[in-house]
Amino acid sequence: KNEVEQSPQNLTAQEGEFITINCSYSVGISALHWLQQHPGGGIVSLFMLSSGKKKHGRLIATINIQEKHSSLHITASHPRDSAVYICAVRSLDQGAQKLVFGQGTRLTINP
Amino acid sequence: KAGVTQTPRYLIKTRGQQVTLSCSPISGHRSVSWYQQTPGQGLQFLFEYFSETQRNKGNFPGRFSGRQFSNSRSEMNVSTLELGDSALYLCASSWLLNTEAFFGQGTRLTVV
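In order, the protein sequence lines correspond to chains P and R. Numbered according to the numbering used here, the first sequence terminates at residue 119, and the numbering increases by one at each position without gaps. Numbered according to the numbering used here, the second sequence terminates at residue 1154, and the numbering increases by one at each position without gaps.
Only chain P is shown next, with the shape it has when bound in the complex (with noise of 0.2 Å):
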């Protein structure tokens, strides 16, 4: 079982749809970011959360540490938002600190 799983893996929805992105993790954190990877590689650092909700325009971000778990909201979805959202962790592992990845969702948002 990876220590970070997301769900969906694939999610295609209508322009104006809400949008939840799930992210599951088994180990201990010191904090989750969500990113994002357009087509061509590039990756965009959308949230680093430590605890409670963080809101950047139509994206909302929120982590539940009790219970290991993150979703990243995205309300009124437009064809724009279409990309490779990717959870990642970063954990501490023997001591050591370590970056781990979810195996991303990829949302296409159709018009």
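Simulated from the structure, these hints should not be mistaken for lab results. Since no wrong hints were added, every one of them can be taken at face value.
Straight-line C-alpha distance at most 16 Å; calculated EDC-like pairs for lysine to aspartate or glutamate:
{"hint": "1", "chain 1": "R", "residue 1": "K1055", "chain 2": "R", "residue 2": "D1127"}
{"hint": "2", "chain 1": "R", "residue 1": "K1055", "chain 2": "R", "residue 2": "E1124"}
{"hint": "3", "chain 1": "R", "residue 1": "K1099", "chain 2": "P", "residue 2": "D101"}
{"hint": "4", "chain 1": "P", "residue 1": "K62", "chain 2": "R", "residue 2": "E1142"}
{"hint": "5", "chain 1": "P", "residue 1": "K106", "chain 2": "P", "residue 2": "E11"}
{"hint": "6", "chain 1": "R", "residue 1": "K1099", "chain 2": "R", "residue 2": "E1117"}
Owing to the predicted nature of the structure, the values given are computational and were not obtained by experimental measurement.
Got chain P; can you put chain R on it based on the hints?
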């Protein structure tokens, strides 16, 4: 403010050769981290540097190494290249360890 710059963008090497990739962080950032992305394994953490010292390391063989210079620029080296090393190599810079990371466009390495 210039972003994270990785050079070269594309590279083709032969099995058994070695390769050096470069990453120039955002001005003022002191931490640089490196990642490998492949279709099969996804994104994997290679190593992380802060103030010229490797602070954390992923589960990669010793053929993968790196260093950080006093101006925070970083290089990673892969020796004795294997076909499976073909990947997109990404670096990210941040002001300190465990702060928001800004990614470069990556170097796409093809080993033939």
